[in-house]
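Enquirer: For reference, the chains in residue letters:
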Amino acid sequence: MIININNEHFTLHQSGAIFWESKKMLLISDVHLGKVAHFRKHGIGIPKDAIFENFTRLSAVLEMFDAETIVFLGDLFHSTINNEWNLFSEWTKQHAKRIILVEGNHDIISKQYYTDLNIEIYKELIFDDFLLTHHPTEREGYFNFCGHIHPGIKLRGMGRQFLNLSCFFRKPNQLIFPAFGEFTGNSYVIPTENDKVYAITKDEVIEIALN
Amino acid sequence: MNRDELYTIAENWFHKQGWKSFPFQTQTWTAFLQGKNGLLNAPTGSGKTYALWFPIVLNYIKANPDYKNKHKPGLKAIWITPLRALSVEIKQAAERIVEDLDLQMTVGIRSGDTSQSERTKQSKKMPDLLVTTPESLQLLLASKEFAKTFASCTAIVVDEWHELLGTKRGVQMELALSRLKTVAPKMRIWGISATIGNLELAQQVLLGLDSEAYQNSVLIKASINKKIKVVSLLPEKMETYPWRGHMGLHLIDEVAKIIRKSKTTLVFTNVRSSCEMWYQAILEKYPEFAGDMAMHHGSISREIRQWVENAIRNEELKVVICTSSLDLGVDFAPVESIVQIGGPKGVARFLQRAGRSGHQPGKESVIYFLATHAMELIEASALKKAVAQHVVEDRIPYLNSWDVLVQYLNTLAVSDGFFPDEIYEEVKNTFCYQNITPEKWNWILNFITNGSQSLQAYDEFKKVEVEEDGRYKINSRLIAMHHRMQIGTIVGDASLNVKFLSGGYIGNIEEWFASKLKPGDVFTFAGKRLELFRVKNMQVLVRKADPKKTSRTVSWMGGRMSFSAQMSELLREELYAANNENLSPELKALKPIFERQRKESIVPGDDEFLIETFKTREGYHAVFYPFEGRFVHEALASILSYRISLLSSITFSLAYNDYGFELLSDQLIDIQAVLDNNLFSTEYVHEDLQKSLNATEMARRKFRDIAVIAGLVFTGMPGKPIKSKHLQSGSQLLFEVFRDYEPDNLLLQQAFTETFEHQLEEGRLLQALERINKQTIVWKQCMKPTPFSFPIITDRLREKLSSETLQERIKKMTASYMK
Numbered sequence: 001m002i003i004n005i006n007n008e009h010f011t012l013h014q015s016g017a018i019f020w021e022s023k024k025m026l027l028i029s030d031v032h033l034g035k036v037a038h039f040r041k042h043g044i045g046i047p048k049d050a051i052f053e054n055f056t057r058l059s060a061v062l063e064m065f066d067a068e069t070i071v072f073l074g075d076l077f078h079s080t081i082n083n084e085w086n087l088f089s090e091w092t093k094q095h096a097k098r099i100i101l102v103e104g105n106h107d108i109i110s111k112q113y114y115t116d117l118n119i120e121i122y123k124e125l126i127f128d129d130f131l132l133t134h135h136p137t138e139r140e141g142y143f144n145f146c147g148h149i150h151p152g153i154k155l156r157g158m159g160r161q162f163l164n165l166s167c168f169f170r171k172p173n174q175l176i177f178p179a180f181g182e183f184t185g186n187s188y189v190i191p192t193e194n195d196k197v198y199a200i201t202k203d204e205v206i207e208i209a210l211n
Numbered sequence: 001m002n003r004d005e006l007y008t009i010a011e012n013w014f015h016k017q018g019w020k021s022f023p024f025q026t027q028t029w030t031a032f033l034q035g036k037n038g039l040l041n042a043p044t045g046s047g048k049t050y051a052l053w054f055p056i057v058l059n060y061i062k063a064n065p066d067y068k069n070k071h072k073p074g075l076k077a078i079w080i081t082p083l084r085a086l087s088v089e090i091k092q093a094a095e096r097i098v099e100d101l102d103l104q105m106t107v108g109i110r111s112g113d114t115s116q117s118e119r120t121k122q123s124k125k126m127p128d129l130l131v132t133t134p135e136s137l138q139l140l141l142a143s144k145e146f147a148k149t150f151a152s153c154t155a156i157v158v159d160e161w162h163e164l165l166g167t168k169r170g171v172q173m174e175l176a177l178s179r180l181k182t183v184a185p186k187m188r189i190w191g192i193s194a195t196i197g198n199l200e201l202a203q204q205v206l207l208g209l210d211s212e213a214y215q216n217s218v219l220i221k222a223s224i225n226k227k228i229k230v231v232s233l234l235p236e237k238m239e240t241y242p243w244r245g246h247m248g249l250h251l252i253d254e255v256a257k258i259i260r261k262s263k264t265t266l267v268f269t270n271v272r273s274s275c276e277m278w279y280q281a282i283l284e285k286y287p288e289f290a291g292d293m294a295m296h297h298g299s300i301s302r303e304i305r306q307w308v309e310n311a312i313r314n315e316e317l318k319v320v321i322c323t324s325s326l327d328l329g330v331d332f333a334p335v336e337s338i339v340q341i342g343g344p345k346g347v348a349r350f351l352q353r354a355g356r357s358g359h360q361p362g363k364e365s366v367i368y369f370l371a372t373h374a375m376e377l378i379e380a381s382a383l384k385k386a387v388a389q390h391v392v393e394d395r396i397p398y399l400n401s402w403d404v405l406v407q408y409l410n411t412l413a414v415s416d417g418f419f420p421d422e423i424y425e426e427v428k429n430t431f432c433y434q435n436i437t438p439e440k441w442n443w444i445l446n447f448i449t450n451g452s453q454s455l456q457a458y459d460e461f462k463k464v465e466v467e468e469d470g471r472y473k474i475n476s477r478l479i480a481m482h483h484r485m486q487i488g489t490i491v492g493d494a495s496l497n498v499k500f501l502s503g504g505y506i507g508n509i510e511e512w513f514a515s516k517l518k519p520g521d522v523f524t525f526a527g528k529r530l531e532l533f534r535v536k537n538m539q540v541l542v543r544k545a546d547p548k549k550t551s552r553t554v555s556w557m558g559g560r561m562s563f564s565a566q567m568s569e570l571l572r573e574e575l576y577a578a579n580n581e582n583l584s585p586e587l588k589a590l591k592p593i594f595e596r597q598r599k600e601s602i603v604p605g606d607d608e609f610l611i612e613t614f615k616t617r618e619g620y621h622a623v624f625y626p627f628e629g630r631f632v633h634e635a636l637a638s639i640l641s642y643r644i645s646l647l648s649s650i651t652f653s654l655a656y657n658d659y660g661f662e663l664l665s666d667q668l669i670d671i672q673a674v675l676d677n678n679l680f681s682t683e684y685v686h687e688d689l690q691k692s693l694n695a696t697e698m699a700r701r702k703f704r705d706i707a708v709i710a711g712l713v714f715t716g717m718p719g720k721p722i723k724s725k726h727l728q729s730g731s732q733l734l735f736e737v738f739r740d741y742e743p744d745n746l747l748l749q750q751a752f753t754e755t756f757e758h759q760l761e762e763g764r765l766l767q768a769l770e771r772i773n774k775q776t777i778v779w780k781q782c783m784k785p786t787p788f789s790f791p792i793i794t795d796r797l798r799e800k801l802s803s804e805t806l807q808e809r810i811k812k813m814t815a816s817y818m819k
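Sequence order for the protein chains is A and B.
Okay, so the first sequence: first residue is 1 according to UniProt numbering, each after it adds one.
Okay, so the second sequence: first residue is 1 according to UniProt numbering, each after it adds one.
Don't read these hints as lab results, they were simulated from the structure.
Certain hints may be false.
Only pairs whose alpha carbons sit at most 30 Å apart, straight line, appear in this in silico DSSO-like list of lysine-lysine [stated by the list, open to error]:
1. A/Lys-154 <-> B/Lys-702
2. B/Lys-588 <-> B/Lys-226
3. A/Lys-154 <-> B/Lys-615
4. B/Lys-812 <-> A/Lys-154
5. A/Lys-196 <-> B/Lys-800
6. B/Lys-285 <-> B/Lys-544
7. A/Lys-196 <-> B/Lys-811
8. B/Lys-518 <-> B/Lys-499
9. B/Lys-702 <-> A/Lys-202
10. A/Lys-171 <-> B/Lys-518
11. B/Lys-385 <-> B/Lys-363
12. B/Lys-811 <-> A/Lys-154
13. A/Lys-196 <-> B/Lys-518
14. A/Lys-24 <-> A/Lys-196
15. A/Lys-154 <-> B/Lys-691
16. B/Lys-148 <-> B/Lys-428
17. A/Lys-202 <-> B/Lys-800
18. B/Lys-462 <-> A/Lys-111
19. B/Lys-812 <-> A/Lys-196
20. B/Lys-237 <-> B/Lys-599
21. B/Lys-518 <-> A/Lys-154
22. B/Lys-811 <-> A/Lys-171
23. B/Lys-318 <-> B/Lys-544
24. A/Lys-202 <-> B/Lys-812
25. A/Lys-202 <-> B/Lys-691
26. A/Lys-171 <-> B/Lys-812
27. B/Lys-800 <-> A/Lys-154
28. A/Lys-202 <-> B/Lys-811
29. B/Lys-62 <-> B/Lys-186
Model the full structure from these sequences, guided by the hints.
Expert: What follows is the structure, given as structure tokens:
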């Protein structure tokens with residue numbers, strides 16, 4: 001699905017990533033790498049194959065778009081350092097792109113690790129009139145791209161039917177990304193009249209009718 | 001000292017109390033002193049405590065004739081009680097004997113309520129007689145050198161075994177006993193159980209399948225025939241009886257009359273929220289009861305509960321509104337009347353509650369049944385019959401609970417570690433794990449050591465380590481601590497402590513309810529109106545609320561109960577009887593409802609199977625009435641909706657109660673196609689059930705408890721702030737990860753097995769389908785909902801099943817926005 005914000009085109013992908021066409025930039029939020037390994041290190045036996053899924057999906061979405069830059073909107077790594085970092089390090093070497101991290105609250109590991117992989121780190125980023133942050137931020141004159149809250153939406157229909165889905169949540173001057181990572185949960189949002197909700201399924205992004 | 005001399009000691013003591021020993025008591029003494037194990041079937045208030053405390057003490061006297069002067073220290077006996085609340089009573093009974101007989105024995109309690117300093121004292125010097133809970137016993141097994149502590153123990157008594165049997169706490173007990181048999185070879189094992197349908201099996205589960213302990217055991221029945229009278233509370237005018245389940249508050253005046261004329265009345269509700277509501281309602285309508293009324297349920301703080309229990313004993317209370325938290329044990333002599341609000345769902349539970357009154361020997365127990373909606377009156381009529389015919393349900397023990405085994409092995413690994421070969425033999429001799437194979441055992445060992453079935457270089461999994469001598473051990477102090485915290489949490493949602501800002505603990509509410517509250521919201525809890533200040537660190541901070549603000553009542557998810565097979569059969573008989581001339585008082589009272597039902601539809605007879613269809617604002621309803629109990633209906637609804645969804649693409653929302661089930665859709669449901677295609681067929685039942693999405697949803701919920709027990713969900717210490725925030729995850733998420741990446745994981749498979757065997761009751765489902773196939777199907781196309789359908793279609797707790805694609809469904813749905 002392609003949407004238009006401030007005369008720029010953005011492709012919303014069902015993985016939870018957004019491709020910014022004119023900048024050749026792939027935006028991704030809340031991957032939470034290392035979460036599975038963190039649990040396992042503490043004696044909680046989450047299936048370890050789940051570790052690879054994030055990398056498979058990252059590679060797949062990179063192949064889909066002709067991106068030169070990847071921007072992670074925070075919470076790239078879930079907690080303290082563990083072996084999953086090595087997998088990430090290998091992954092970055094396979095994909096020679098410019099990588100930028102906008103810091104999130106979970107990103108607590110030493111900056112040195114990132115700089116060793118040539119990853120640039122910022123508290124926030126500004127491109128034209130777009131403000132990229134981890135926490136939702138409102139600033140006069142800017143459209144804000146952010147993550148952090150892992151938005152989801154609850155749908156209802158005739159015959160007492162209900163559905164819960166992850167979504168992109170768009171306010172007049174803000175777009176909140178869904179969490180990209182496997183093994184992350186949602187927090188459900190209630191839109192207002194002026195908001196737009198783009199739900200993601202396995203195969204596509206669908207705009208949700210509000211009533 | 002010979003046996004006669006020992007008995008003289010006991011009989012003299014009984015004589016001094018003005019009592020005479022019952023045959024079942026002396027039979028138990030004899031069997032115990034002969035070195036036998038056993039199961040004692042005796043109800044509460046029958047003197048069962050003395051049936052077992054006495055032989056334990058006599059046995060000590062026998063071995064130590066100089067007992068008055070010389071005391072031999074060390075643990076002699078363990079008394080297990082499923083409810084902490086009962087431990088005080090049991091300790092007091094033991095202390096009476098010890099004091100009166102001049103023994104130098106000490107009696108101690110060890111439970112979740114025991115202070116840390118008391119525990120430390122006990123670890124250094126165990127009391128002679130220890131009263132404890134299954135969880136605390138597990139924690140003892142998790143302490144270093146536990147084997148030494150237990151070595152001298154001569155007896156373990158598992159009280160209220162029927163309550164544990166059929167639960168995972170029961171499995172915990174089986175495992176603990178399997179270990180204790182080895183470390184305490186002199187230990188006799190005794191259980192005490194109320195009457196259940198399968199006492200012989202209960203005995204076998206307790207002692208171990210075909211074990212030596214079982215061979216050397218007896219079953220002793222107290223056979224005390226207690227008279228129980230069941231009275232239904234009927235309104236004067238039936239027309240006003242609500243069609244669906246409310247709280248039953250329309251009969252509050254009748255309840256007040258009962259409270260007035262009895263010394264003490266216990267009012268039992270099925271769930272905590274209706275307990276809170278009844279308390280409020282009585283307080284508002286009859287403020288004169290204020291000083292003599294109290295509330296008792298599992299989420300209220302221990303101090304308040306203990307105060308309530310003591311106040312009942314001391315005749316200081318006129319009425320207590322309570323839940324199953326007062327079902328067990330404690331002997332409340334002053335209780336004269338029992339009121340049961342809403343269907344108790346099982347005969348055994350009903351009898352147990354009835355037995356809470358009229359404790360004096362020979363006195364009749366009276367229980368008043370208050371139906372919360374019209375259909376429940378049929379239940380009242382059926383219950384009366386059950387009581388008269390002594391129909392009691394079975395308790396079905398768990399098999400292959402891998403989650404509990406994982407927890408148990410971690411427990412042993414936390415203490416001194418274990419050697420797998422030794423423990424395998426013990427585990428294999430329990431009832432629960434009688435079918436365990438070496439492959440399954442290895443799977444479990446791999447799971448606790450590698451977190452998976454194969455080792456991989458990058459993996460940092462760490463829990464149980466295998467030491468050089470082959471001992472399995474947890475060495476990390478942090479992991480050991482996490483595990484100890486988890487042992488107590490075998491069931492239950494994450495709960496938050498409710499505290500006043502100024503200090504003072506009130507009780508706990510479930511996380512999902514707390515998450516619905518905003519600061520400033522007012523809610524009623526433990527009979528108090530509270531305003532939420534904020535939620536922080538697993539604590540709900542509140543202050544007294546402005547009395548003018550509107551408040552909501554706290555609710556708990558709890559388990560919804562289902563009719564047992566026995567109860568369902570009685571219920572069907574009663575309902576079919578509605579077409580006869582000879583009606584019970586309850587059915588007579590229901591006459592206006594039946595007339596109303598017959599206007600649109602029929603009251604089915606025993607050879608008829610009723611289906612009703614109608615349309616409302618919500619969509620197209622199809623309601624089916626097998627009268628088989630909630631769980632069977634859940635399975636029937638799943639299987640039928642799945643089969644219909646194969647015919648055309650359609651989405652259903654499913655609802656069920658004990659009488660029938662409903663399929664609701666946004667499209668017309670083609671009943672003719674159901675009949676033409678023989679969709680009630682008994683063929684491929686298992687396959688169809690497995691494929692229906694609904695079963696997956698149910699397994700997802702079962703997995704929650706399994707994940708908690710097996711230590712996959714880190715809940716932290718109740719009430720203590722969680723420092724390891726990064727280790728939290730929802731069990732929903734876990735279920736999906738396991739399903740996607742490790743579908744053959746035994747814990748995941750267990751969730752499905754439990755769904756099919758315990759929840760969907762596949763066996764009963766088949767029988768129900770066979771019965772339906774023999775009946776004539778009567779399909780009524782109604783203009784509007786009938787009285788029978790009303791409680792079902794208004795139920796909001798629903799499942800779904802769909803054969804439409806996600807895209808199709810999303811396009812028909814909307815999200816509501818804040819206006």
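Enquirer: Now look at each hint and say whether the structure bears it out.
Expert: Each hint, compared with the structure:
For the suggested pair A/Lys-154 and B/Lys-702, the alpha carbons sit about 23 Å apart, so the restraint of at most 30 Å is met. About 28 Å separates the Cα atoms of B/Lys-588 and B/Lys-226, which keeps this hinted pair within 30 Å; it holds. Between A/Lys-154 and B/Lys-615, the direct Cα distance comes to roughly 25 Å. Compliance with the 30 Å bound is thereby established for this hinted pair. The straight-line distance between the Cα atoms of B/Lys-812 and A/Lys-154 is roughly 13 Å, inside the 30 Å bound, and the hint therefore holds.
For the hint pairing A/Lys-196 with B/Lys-800, the CA-to-CA distance comes to about 27 Å; that is within 30 Å, so the pair holds. Of the supplied pair hints, the one linking B/Lys-285 and B/Lys-544 holds, its CA atoms being roughly 22 Å apart against a limit of 30 Å. The suggested pairing of A/Lys-196 with B/Lys-811 holds, with an alpha-carbon distance near 15 Å, which does not exceed 30 Å. For the hint pairing B/Lys-518 with B/Lys-499, the CA-to-CA distance comes to about 16 Å; that is within 30 Å, so the pair holds.
A hinted pair counts as satisfied when its Cα atoms are at most 30 Å apart, and B/Lys-702 with A/Lys-202 qualifies at roughly 26 Å. Straight-line distance between C-alpha atoms of A/Lys-171 and B/Lys-518 comes to about 23 Å, which keeps the hinted pair within the 30 Å bound. Using a Cα cut-off of 30 Å, the hinted pair B/Lys-385 and B/Lys-363 holds, with the two alpha carbons roughly 21 Å apart. Under the criterion of a C-alpha separation no larger than 30 Å, the hint pairing B/Lys-811 with A/Lys-154 is consistent with the structure, at around 14 Å.
Annotation: proposed proximity of A/Lys-196 to B/Lys-518 holds, straight-line Cα distance about 25 Å (limit 30 Å). Proposed proximity of A/Lys-24 and A/Lys-196 is supported: the alpha carbons are some 24 Å apart, at most 30 Å. A hinted pair counts as satisfied when its Cα atoms are at most 30 Å apart, and A/Lys-154 with B/Lys-691 qualifies at roughly 25 Å. Proposed proximity of B/Lys-148 and B/Lys-428 is supported: the alpha carbons are some 24 Å apart, at most 30 Å.
Among the hinted pairs, A/Lys-202 with B/Lys-800 is consistent with the structure: their alpha-carbon atoms are about 20 Å apart, no more than 30 Å. Under the criterion of a C-alpha separation no larger than 30 Å, the hint pairing B/Lys-462 with A/Lys-111 is consistent with the structure, at around 27 Å. For the proposed pair B/Lys-812 and A/Lys-196, the alpha carbon gap of about 17 Å is at most 30 Å, so the pair holds. Among the hinted pairs, B/Lys-237 with B/Lys-599 is consistent with the structure: their alpha-carbon atoms are about 20 Å apart, no more than 30 Å.
For the hint pairing B/Lys-518 with A/Lys-154, the CA-to-CA distance comes to about 20 Å; that is within 30 Å, so the pair holds. Between B/Lys-811 and A/Lys-171, the direct Cα distance comes to roughly 22 Å. Compliance with the 30 Å bound is thereby established for this hinted pair. Between B/Lys-318 and B/Lys-544 the CA atoms are separated by roughly 26 Å; this keeps the pair inside 30 Å, and the hint holds. A hinted pair counts as satisfied when its Cα atoms are at most 30 Å apart, and A/Lys-202 with B/Lys-812 qualifies at roughly 18 Å.
Taking the CA atoms of A/Lys-202 and B/Lys-691, the gap is near 21 Å; set against the 30 Å cutoff, the hint holds. Taking the CA atoms of A/Lys-171 and B/Lys-812, the gap is near 23 Å; set against the 30 Å cutoff, the hint holds. A C-alpha spacing of about 15 Å is found between B/Lys-800 and A/Lys-154, which places the hinted pair at or below 30 Å, so the restraint holds. Straight-line distance between C-alpha atoms of A/Lys-202 and B/Lys-811 comes to about 15 Å, which keeps the hinted pair within the 30 Å bound.
Restraint check for B/Lys-62 and B/Lys-186: satisfied, since their Cα atoms lie roughly 15 Å apart, inside the 30 Å limit.
The earlier numbered hints are all upheld by this structure, with none contradicted.
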